[in-house]
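Using the hints, position chain X against chain F.
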Amino acid sequence: MSATFAYYPGCSLQGTEKEYNTSLQLVAKALDHKLEEIPNWLCCGATSAHSINHALATALAGDTLAKAQDAGHSKILAPCAMCYSRLATTLHQIKSDPDKAASLEKALKREKGGLAEMRALSMLDWARELSDAEIQAPIKKKFKGLKIACYYGCLLVRPQKVTGVENAEIPQDMERVVRLLGAEPVSWTMATACCGASFSLSDKPSVFRLGRRVIESARKAGADAIIVACPMCHTNLDMRQTEFQAADERIPAIFITQLMGLAYGFSPKELGLEGNFVNTDAITAALAATEEG
Amino acid sequence: MKTLAELVKSATGTTPLDCYQCGRCSAGCTQNVTEGMDMGPVRIMRLIQMEEAFKDQPETAAEYCDRVLTSDTIWMCASCQTCTQRCPQGIDIAGTMDVMRQTAIQRGKAAKSRRVYDIVSAHKAFINCIRRTGKNDEVALVGEYKMRTGNFLSDMNMAPQMMLKGKMSPFGAIGSALSLLKSGPADNVKHVFEAAEALRKEEEEQ
Chain F
0 MSATFAYYPG CSLQGTEKEY NTSLQLVAKA LDHKLEEIPN WLCCGATSAH
50 SINHALATAL AGDTLAKAQD AGHSKILAPC AMCYSRLATT LHQIKSDPDK
100 AASLEKALKR EKGGLAEMRA LSMLDWAREL SDAEIQAPIK KKFKGLKIAC
150 YYGCLLVRPQ KVTGVENAEI PQDMERVVRL LGAEPVSWTM ATACCGASFS
200 LSDKPSVFRL GRRVIESARK AGADAIIVAC PMCHTNLDMR QTEFQAADER
250 IPAIFITQLM GLAYGFSPKE LGLEGNFVNT DAITAALAAT EEG
Chain X
0 MKTLAELVKS ATGTTPLDCY QCGRCSAGCT QNVTEGMDMG PVRIMRLIQM
50 EEAFKDQPET AAEYCDRVLT SDTIWMCASC QTCTQRCPQG IDIAGTMDVM
100 RQTAIQRGKA AKSRRVYDIV SAHKAFINCI RRTGKNDEVA LVGEYKMRTG
150 NFLSDMNMAP QMMLKGKMSP FGAIGSALSL LKSGPADNVK HVFEAAEALR
200 KEEEEQ
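These protein sequence lines map, in sequence, to chains F and X.
Counted from 1, the first sequence has number 85 at position 86 by numbering that gives the first Met the number 0; the numbering is strictly sequential.
Counted from 1, the second sequence has number 93 at position 94 by numbering that gives the first Met the number 0; the numbering is strictly sequential.
Worth flagging that the hints you see were computed from the coordinates, not collected in a lab.
Ideal Cβ placement from N, Cα and C applies to all residues, glycine included.
Keep in mind that the hints are not guaranteed to be accurate.
Unchecked claim - Here are the simulated DMTMM-like pairs of lysine to aspartate or glutamate, each with C-alpha atoms no more than 20 Å apart in a straight line: (1) F:LYS108 / F:ASP96; (2) F:LYS99 / X:ASP71; (3) F:LYS99 / X:ASP55.
As the list claims (entries may be wrong) - Reference excerpt, derived from the structure (chain F facing chain X, CB under 7 Å, subset only): (4) THR15; (5) SER47; (6) ALA54; (7) SER102; (8) ALA106; (9) CYS193; (10) LEU200.
Next up, chain F with everything else stripped away, as it sits in the complex (with noise of 0.2 Å):
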């Protein structure tokens, strides 16, 4: 079913984590959704405004949600968790104390109101707005015998009051989609678990031992691959792999809209999977054992 999106990318898709981008033109594309760039957008802040200037992290997040308001839209599609995030605690803010949506609304000279009433969508979100047969119509080829550990991490499910999701702590929106590409997701202890993205710059043992908890249980669990839907998650879970993992112990960490867009017959280089620090031929490998299929 076609649909349109205010489209929310986020400074890191812009930058070191653009393969996220890339390929979710190329699934939207398939799926007939339209992703409309919402006009001169701004950083959300993260987790930077949200621990120091609470007032700066706010306002930054009413900034986004104007500015798709005055491109006509009422959903924004955030792809990126921490983006997200900001925009769904904002919004459940301003919907459950009408004062702070008109606080927020004077500090921004708008007059026109109705700010409350935009909507965030999570990828978590975007999938499951898509019935199954949709997901399945633009498959090419099919996985087959791929084990996903499919990595939920913070954001996307917590707090659930501010996310809806409908489970928290075992999630199952992003198996759901990987049983549908005929991949099989594993059961595992650390999908919802912190792997310490927001320390990344600032706090490398955090970093460390958080991400090493993570690769070690979906290891254990026997997942050939990790699949994400948060640039800091594939920062942390790839990049970063490479300085607290062994050569022989790595583990590829990919996009779901990496793995979605592989089913549906996108090439490795046009997904940008070249990007990943760890290989990925364990993946593209369990597609092509299947090209007629």
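Coordinates of chain X only, in the frame set by chain F:
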């Protein structure tokens, strides 16, 4: 001066005074269970309650308040939201950590340890990136972080590989480095900093 509990109430709509010390937040805390924290979140909640309880004895109250604001714990919190998700009293514990960090900076109480200094520097560098260009420019962010902390060699080993993988372009990197010379806020983001100032003033007046 407002108590910590009052600040949390106005920012999150929930209050640490509802905490009955079940310890579920500490038991599931990403950093606490992997030994990255000096004390778990449940103790922060208790200290905030103690400040409130001793409101009539300012010296004692200030001692409890300082133990929270000068702790490493509030900075080691990864904002993973597990505590907020699991709190049986519905307290926004991760949101409480945000309020503690912001208050620690405002009152000049942030811990003086190297670890905390690095974390605070990264946050300040990030916000300055937004002030200069409206976006987070990863190269400029790393550049300012290095200047603030003197960690010049960290991650330099990754740069060549990142360029090879197309994650960073040498020309882009030069442009980003030059953006460090700008002073802000940039035109595209001025209205947001003004709005933030208006929100902050309004909150202060309440």
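Status of each hint after checking the structure:
The straight-line distance between the Cα atoms of F:LYS108 and F:ASP96 is roughly 19 Å, inside the 20 Å bound, and the hint therefore holds. Of the pairs offered as hints, the one joining F:LYS99 and X:ASP71 is violated, with about 31 Å between alpha carbons and a cut-off of 20 Å exceeded. Restraint check for F:LYS99 and X:ASP55: not satisfied, since their Cα atoms lie roughly 31 Å apart, outside the 20 Å limit. Satisfaction of the interface hint for F:THR15 is found here, the shortest Cβ-Cβ separation to chain X being roughly 4 Å, below the 7 Å cut-off.
At its closest, the beta carbon of F:SER47 sits 4 Å from a beta carbon of chain X; the interface hint therefore holds under the 7 Å criterion. Using the Cβ-Cβ criterion of 7 Å, the hint placing F:ALA54 at the interface with chain X is satisfied: the shortest such distance is roughly 4 Å. Checking F:SER102 against chain X: minimum C-beta separation of about 6 Å stays under 7 Å; hint holds. Proximity of F:ALA106 to chain X holds as hinted, the smallest CB-CB distance being about 4 Å (cut-off 7 Å).
Hint status for F:CYS193: holds, given a least beta-carbon distance of 4 Å to chain X, under 7 Å. Taken as an interface hint, F:LEU200 checks out: its beta carbon lies about 5 Å from the nearest beta carbon of chain X, inside 7 Å.
Of the numbered hints given earlier, the model fails hints 2, 3; all others are met.
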